[in-house]
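Colleague: Here is how the chains run, residue by residue.
4 protein chains.
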Amino acid sequence: MKGKLLSFTLFGESHGRAVGVLIEGMPPGIKISVDEMKKELERRKGIARFSTKRREPDEPIILSGVFRDYTTGTPIAVIVENKDVDSSYYEEIKNTPRPGHADYPARIKYFGYNDYRGGGYFSGRLTIGIVIAGYFAKKILERYGIKVRAYLKRIGKVEAREISIEEVFSSRNPYCPDEEAFEKMIEEMEEARKKGDSVGGVVEVVAINVPPGLGGPHDEDIEADLASAFFRIPAVKGVEFGLGFKFAEKRGSEVNDPFVIRDGKVVTETNNHGGVLGGITTGMPIVARVAFKPTPSIYLPQRTVDLERMEEIEIKLRGRFDSCIVPKALPVVEGMMAFVIADHLLRRKAWEDFVG
Amino acid sequence: MKGKLLSFTLFGESHGRAVGVLIEGMPPGIKISVDEMKKELERRKGIARFSTKRREPDEPIILSGVFRDYTTGTPIAVIVENKDVDSSYYEEIKNTPRPGHADYPARIKYFGYNDYRGGGYFSGRLTIGIVIAGYFAKKILERYGIKVRAYLKRIGKVEAREISIEEVFSSRNPYCPDEEAFEKMIEEMEEARKKGDSVGGVVEVVAINVPPGLGGPHDEDIEADLASAFFRIPAVKGVEFGLGFKFAEKRGSEVNDPFVIRDGKVVTETNNHGGVLGGITTGMPIVARVAFKPTPSIYLPQRTVDLERMEEIEIKLRGRFDSCIVPKALPVVEGMMAFVIADHLLRRKAWEDFVG
Amino acid sequence: MKGKLLSFTLFGESHGRAVGVLIEGMPPGIKISVDEMKKELERRKGIARFSTKRREPDEPIILSGVFRDYTTGTPIAVIVENKDVDSSYYEEIKNTPRPGHADYPARIKYFGYNDYRGGGYFSGRLTIGIVIAGYFAKKILERYGIKVRAYLKRIGKVEAREISIEEVFSSRNPYCPDEEAFEKMIEEMEEARKKGDSVGGVVEVVAINVPPGLGGPHDEDIEADLASAFFRIPAVKGVEFGLGFKFAEKRGSEVNDPFVIRDGKVVTETNNHGGVLGGITTGMPIVARVAFKPTPSIYLPQRTVDLERMEEIEIKLRGRFDSCIVPKALPVVEGMMAFVIADHLLRRKAWEDFVG
Amino acid sequence: MKGKLLSFTLFGESHGRAVGVLIEGMPPGIKISVDEMKKELERRKGIARFSTKRREPDEPIILSGVFRDYTTGTPIAVIVENKDVDSSYYEEIKNTPRPGHADYPARIKYFGYNDYRGGGYFSGRLTIGIVIAGYFAKKILERYGIKVRAYLKRIGKVEAREISIEEVFSSRNPYCPDEEAFEKMIEEMEEARKKGDSVGGVVEVVAINVPPGLGGPHDEDIEADLASAFFRIPAVKGVEFGLGFKFAEKRGSEVNDPFVIRDGKVVTETNNHGGVLGGITTGMPIVARVAFKPTPSIYLPQRTVDLERMEEIEIKLRGRFDSCIVPKALPVVEGMMAFVIADHLLRRKAWEDFVG
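Residue numbers (this note's numbering), protein chains in the order written: chain A, 1 to 356; chain B, 1001 to 1356; chain C, 2001 to 2356; chain D, 3001 to 3356.
Worth flagging that the hints you see were computed from the coordinates, not collected in a lab. Small disclaimer: the values here were computed from a predicted structure and weren't measured. There may be inaccurate statements among the hints.
[Stated by the list, open to error] In silico contact screen, one side only, chain C against chain B (beta carbon under 7 Å); selected entries:
hint	residue
1	2016
2	2074
3	2090
[Claimed, not checked] Distance condition first, Cα-Cα at most 27 Å in a straight line; then the derived DSS-like pairs of lysine-lysine:
hint	chain 1	residue 1	chain 2	residue 2
4	A	2	D	3002
5	D	3265	D	3147
6	B	1031	A	2
7	D	3002	D	3147
8	B	1194	A	246
9	C	2045	C	2139
10	A	39	A	195
11	C	2316	C	2139
12	C	2004	A	139
13	B	1250	A	195
14	B	1349	A	94
15	A	246	B	1184
16	A	38	A	2
17	D	3184	C	2250
18	D	3004	C	2250
19	B	1002	D	3349
20	A	246	B	1139
21	D	3038	D	3157
22	C	2349	C	2004
23	B	1349	A	157
24	B	1139	D	3349
25	B	1246	A	246
26	D	3265	C	2246
27	B	1316	A	2
28	D	3004	B	1031
29	B	1184	A	184
30	C	2045	C	2004
31	D	3002	C	2004
32	C	2002	A	4
33	A	195	A	184
34	A	45	A	157
35	A	184	B	1031
36	D	3349	B	1147
37	D	3045	C	2246
38	A	316	A	45
39	D	3194	D	3004
Every residue gets a Cβ at the ideal spot worked out from N, C-alpha and C, and that includes glycine.
Chain A with its partners taken away, still in its complex shape (with noise of 0.2 Å):
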């Protein structure tokens, strides 16, 4: 994820030496802690029944940038090592594609030569960056009493009845504010486990205290960017602000949110605009969703090509593989939304003391 003042690139393959994320541009003396960031890579780990049995510790090592527990404003390098692996199935179907991954399209774009050991640089594991990134950026905002937060908002068939934005940070449940949905949550996914199968869901991420004036038009637009951000997590396949694709149903004297004064503030009566509008925060809470197919990884056999021979085959995969990644993505949904806002907010920065 490359902003103009905060970036990070992840590196690192599955069955490799390590994973880890370099981030560039975050500002001195930001008071880190490991256990913290440990905590939130927990999170990363999702519900133990739906989560791949590769269960490591997870231990981050910062190699840069960060000096006596405060950050030095030089590129952050922190690295995760892989311990709990086992490459040799990974031989065996190096040339049959799996239906739903990025093995074949991979293949082609490396000219062969990617590390197709457990996904490599398309594992999830990948993630474990962006959660580190997103630990960072979280900092900044704190500093500025920004929060974000996700939650699910559906797994399967069940969707999280509305929630409203005190609720979300509120909550106590780590998945869901709705207890009664999650709870069916839980059911579709264990369905899906017991079937071998894998299950898609939709996470909802909200940013409160955003100031207004962050983004812009065009090539500085903040919900481009966040999109940006959330396509870039594997698995994603839609993402919508506000209303979002119920806009499209929707007369404009029904949707357009009304400016009215609250405690002496202009903001708007109704959040429809999900906080963004052309392109720049209005001061209201930035909701987005984000929709995540299936993981692709199941147990039930499936068709696909020989790539050496040629020829059709059906395969049955072996391994560990999660039946729902949608809980362990929401530390990921708002580790990147934290990166971006904190970008824009740098920026925004700049511009206030020259303007202000």
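On the provided structure of chain A, position chains B, C and D as indicated by the hints.
Modeller: Same frame as chain A, now just chains B, C and D:
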């Protein structure tokens, strides 16, 4: 839209001297016809009845980068002068932000210095530059046999039926291959128009003959780059690829596209993935849907705030409004898609020469 | 010149419709005067006697980004139309690359599609855009008390004496504070002119009141960014800071600038380092020297190759040539320096707000 | 160093866990040998007698992007762990900035949060990453027959004689083809060493077999990109191409290189232009000179300021210093040049496929 090898930047304001685009990275030797360019711009005017009455000739003036009808390889600047302009009304409403418009956040972002007349840099008129950039990009794609086509998938309550890729490209209706649905869409727009209201919609856009191997995971993700480009189009609030949000309800076993061999080539039997897996094109058609909110300019009374007096008021807008901007958006969406694909295609060529 | 927060892009060709510049990232609220801008452009015309006879009014037309004399914060496009143009001669010589010019490599780079008339996109006329971008950048610097000034350090064999920073900024001579040397420089240029020849030179450029802490090591190095900007000026073949190449002959003990306290502030007693240590400004004046080769357009016979017939020939150029372009380069060098400093200054503000 | 298709980012601190580099955009299929890489790193240690006593094994650990000895096409992270580290002394001097070092401006830029031990991110040790990035870049150039070689042009008062391109590439002396001058350079360094002083120098770097047509005017200028890269090397204070600063004293008639035909190819008879005209390669050898200041670390007493007490003091540094860093810089300068050329070469390939 800043790509790695191809970029364009929009400039100009609705009521300023001109709107335009500066395109960087376009290779030399592309044959250009101003007449063709004008035809694309003509499409951007949409269906007369539902479009703003501002109907200028939109004559593109090429300032640089084209010599004797061929691109030179240096930056291309094209402008369209603004002629049919009346700014008086905007003085009246400059302190009363129009609901659903960028007026309010723009005022904050630009500390009150923005050109608010006719939306300024936020005006839909700026999409002229996107269509022009898209015109050049399509010329690159043409050389490799790639075609891009957008059509109306939904207007308000009316959704077009499932349409095959062949139909998309063979249809003579410039707006929607489903003639029956199109008639109902017209009614939907007509109804909104009569009420002084506006209506939203969804554009589906398809690219065919895209070679596999464009894009990449994470920073190179072509889906993320496309989404980023689409969200930069004014009024876009949602983007999805393939099954998109419907993926969330599905099981992996239902939606994983099996690989098969057809005419000696590896393809997928279905195209739920919409042409991109792991951020990389698979060679299948790229299929995206882009949701537009109803244009916020309506004739009905609306509530807002007088920012000088800090009091809530009611406004009733006057002027020339589109009742539906979605038909006008078709060449804009196509232009964005063509531009992003062209950028990735050029990048690909560098590796092909080196590795291939 | 692409900075992180400020960028500009030159466009146009010498014998096309116009030359121009698109500036991105300029903050809103900067008061602009076209008259002032024209004065800067006037400086770019140099000393009449030694400059090309092409003397057009160079009237800047602001297409966008300025509203009622203030920058709006959106992209600024400014063009100057080309009027005094005669392209016939360039048809004659299009297959015989002029020695020292970009004709030959340009033909290869652009596969023969470049606009070769009057140098096309390579023309010195493109520096108009640099001066305009510099005009805006200087406005930013002004607000922070930073001043930039360039003067002739050398023309051919004549070098100006050591000139104090105070003298640089108080001198009334627009070309060189050393009046005596300047007279000899005039003679040097006159001599070249009479012989139908051209002569090179060195520009020294100084920025004062630059706060310490701009720039950074490696990717943020302000010296590297300045050098990069200077080398983008046509005909530049060398750049150095502080003692520059003379450093190579020295011992550390001779050139390490001692830190001292003056008026309660930490400064260096000498300024061998030229205001930048480790890529970061120290608060001392930034001092750079930029070497220009003699403009390659001369009236003397020269040997070259007819690329169509592939035979060696002799050519004698006709046309309107500068005998020395260095005096014209002063506002161009200043413009580049101002732009780079302004970009770094804005970046700095973001951190100051966050950490400070 | 951020190119368009190839970038690298340095990370790590002198006394932290490791120093390293993240390389993006490297194509797949490049065969890598850690032994070769170590040989390049060995060159970076310079001549033992004049180099810091810190002599660690510098074992590169490839964290990502290489699979079974071939690049995969995904980001390449390589680190070298820091072992021979003693930081105690830096606590003593952290408030007394060393003259000529970045200590003082770094303290301001980073608000005191930077890792000051051993220079932190400013340490010469960071150039390990440049050499590694250069190693990969040279592999790209190799495939196209391009070679890059740097040698000592000057150490202190001693300048090497004019050296032909052939000699540069055939010489067995790893530092300077002019053996006689090299002996005197050794004496120059020895003299500085004995006195506890340091000495500067100039590196000349040459690239051969570079095809014409790389680079471009303005934003694409390869000279500007090379200069930008060279100035990012610590201690560089000047860069010039071809005749460089000598151009300033010359007449056009003396220095314009005539085009001639040799072996059926268009070349220039002389190479005053140093291989680049108008920002584009001509096919002639690229010749640049890079000036290094004497390393500021010396054993002689120096004046500086105690920043806590705000008083002027005298310091006498202890530690392990290079008396001359220029010999160590040879692979660093080569690495930078190779990387920039490789980036431009890859960009070129995209156009060649399209236009050619």
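Colleague: Compare the structure with each hint and give your call.
Modeller: Hints and how they fare:
1. Annotation: residue 2016 of chain C was flagged as interfacial toward chain B, and the flag holds, the nearest CB pair being 6 Å apart, inside 7 Å.
2. For residue 2074 of chain C, the interface hint holds, the least distance from its beta-carbon to any beta-carbon of chain B being 4 Å, beneath 7 Å.
3. Against a cut-off of 7 Å between C-beta atoms, the interface hint on residue 2090 of chain C is violated, since the closest Cβ of chain B lies about 12 Å away.
4. Proximity of residue 2 of chain A to residue 3002 of chain D is assessed by CA-CA distance (about 12 Å); at most 27 Å being required, the pair is judged to hold.
5. Restraint check for residue 3265 of chain D and residue 3147 of chain D: satisfied, since their Cα atoms lie roughly 20 Å apart, inside the 27 Å limit.
6. Between residue 1031 of chain B and residue 2 of chain A the alpha-carbon distance is near 34 Å, which puts this suggested pair outside the 27 Å criterion.
7. Restraint check for residue 3002 of chain D and residue 3147 of chain D: satisfied, since their Cα atoms lie roughly 22 Å apart, inside the 27 Å limit.
8. Only pairs whose Cα atoms come within 27 Å are accepted, and residue 1194 of chain B paired with residue 246 of chain A is accepted, the gap being roughly 22 Å.
9. The suggested pairing of residue 2045 of chain C with residue 2139 of chain C holds, with an alpha-carbon distance near 22 Å, which does not exceed 27 Å.
10. Between the alpha carbons of residue 39 of chain A and residue 195 of chain A the distance comes to roughly 31 Å, so the proposed pair goes past 27 Å and is violated.
11. Between residue 2316 of chain C and residue 2139 of chain C, the direct Cα distance comes to roughly 44 Å. Violation of the 27 Å bound is thereby established for this hinted pair.
12. Between residue 2004 of chain C and residue 139 of chain A the alpha-carbon distance is near 23 Å, which keeps this suggested pair within the 27 Å criterion.
13. Distance hint between residue 1250 of chain B and residue 195 of chain A is fulfilled; the C-alpha atoms sit about 14 Å from each other, no more than 27 Å.
14. Simply put, residue 1349 of chain B and residue 94 of chain A have alpha-carbon atoms about 25 Å apart, close enough for the 27 Å limit, and the pair holds.
15. Taking the CA atoms of residue 246 of chain A and residue 1184 of chain B, the gap is near 19 Å; set against the 27 Å cutoff, the hint holds.
16. Taking the CA atoms of residue 38 of chain A and residue 2 of chain A, the gap is near 24 Å; set against the 27 Å cutoff, the hint holds.
17. Only pairs whose Cα atoms come within 27 Å are accepted, and residue 3184 of chain D paired with residue 2250 of chain C is accepted, the gap being roughly 15 Å.
18. The suggested pairing of residue 3004 of chain D with residue 2250 of chain C is violated, with an alpha-carbon distance near 37 Å, which exceeds 27 Å.
19. Among the hinted pairs, residue 1002 of chain B with residue 3349 of chain D is consistent with the structure: their alpha-carbon atoms are about 20 Å apart, no more than 27 Å.
20. Note on residue 246 of chain A and residue 1139 of chain B: the hinted pairing is violated, with a Cα-Cα distance of about 35 Å set against a maximum of 27 Å.
21. Under the criterion of a C-alpha separation no larger than 27 Å, the hint pairing residue 3038 of chain D with residue 3157 of chain D is inconsistent with the structure, at around 32 Å.
22. For the hint linking residue 2349 of chain C to residue 2004 of chain C, the alpha-carbon distance of about 13 Å falls within 27 Å, and the restraint holds.
23. Distance check on the hinted pair: residue 1349 of chain B and residue 157 of chain A sit about 43 Å apart at the alpha-carbon level, beyond 27 Å; violated.
24. Straight-line distance between C-alpha atoms of residue 1139 of chain B and residue 3349 of chain D comes to about 19 Å, which keeps the hinted pair within the 27 Å bound.
25. Distance hint between residue 1246 of chain B and residue 246 of chain A is fulfilled; the C-alpha atoms sit about 14 Å from each other, no more than 27 Å.
26. At most 27 Å may separate the alpha-carbon atoms for a hinted pair to count; residue 3265 of chain D and residue 2246 of chain C exceed this at roughly 39 Å.
27. For the suggested pair residue 1316 of chain B and residue 2 of chain A, the alpha carbons sit about 42 Å apart, so the restraint of at most 27 Å is broken.
28. Of the pairs offered as hints, the one joining residue 3004 of chain D and residue 1031 of chain B holds, with about 26 Å between alpha carbons and a cut-off of 27 Å not exceeded.
29. Proximity of residue 1184 of chain B to residue 184 of chain A is assessed by CA-CA distance (about 39 Å); at most 27 Å being required, the pair is judged violated.
30. Restraint check for residue 2045 of chain C and residue 2004 of chain C: not satisfied, since their Cα atoms lie roughly 30 Å apart, outside the 27 Å limit.
31. Only pairs whose Cα atoms come within 27 Å are accepted, and residue 3002 of chain D paired with residue 2004 of chain C is accepted, the gap being roughly 12 Å.
32. This hinted pair checks out: residue 2002 of chain C and residue 4 of chain A have alpha carbons roughly 12 Å apart, not beyond 27 Å.
33. With a CA separation close to 17 Å, the supplied pair residue 195 of chain A and residue 184 of chain A stays within the 27 Å bound.
34. Under the criterion of a C-alpha separation no larger than 27 Å, the hint pairing residue 45 of chain A with residue 157 of chain A is consistent with the structure, at around 23 Å.
35. A hinted pair counts as satisfied when its Cα atoms are at most 27 Å apart, and residue 184 of chain A with residue 1031 of chain B does not qualify at roughly 59 Å.
36. As the CA atoms of residue 3349 of chain D and residue 1147 of chain B are separated by approximately 23 Å, the hinted pair is consistent with the 27 Å bound.
37. About 25 Å separates the Cα atoms of residue 3045 of chain D and residue 2246 of chain C, which keeps this hinted pair within 27 Å; it holds.
38. Of the pairs offered as hints, the one joining residue 316 of chain A and residue 45 of chain A holds, with about 25 Å between alpha carbons and a cut-off of 27 Å not exceeded.
39. With a CA separation close to 46 Å, the supplied pair residue 3194 of chain D and residue 3004 of chain D exceeds the 27 Å bound.
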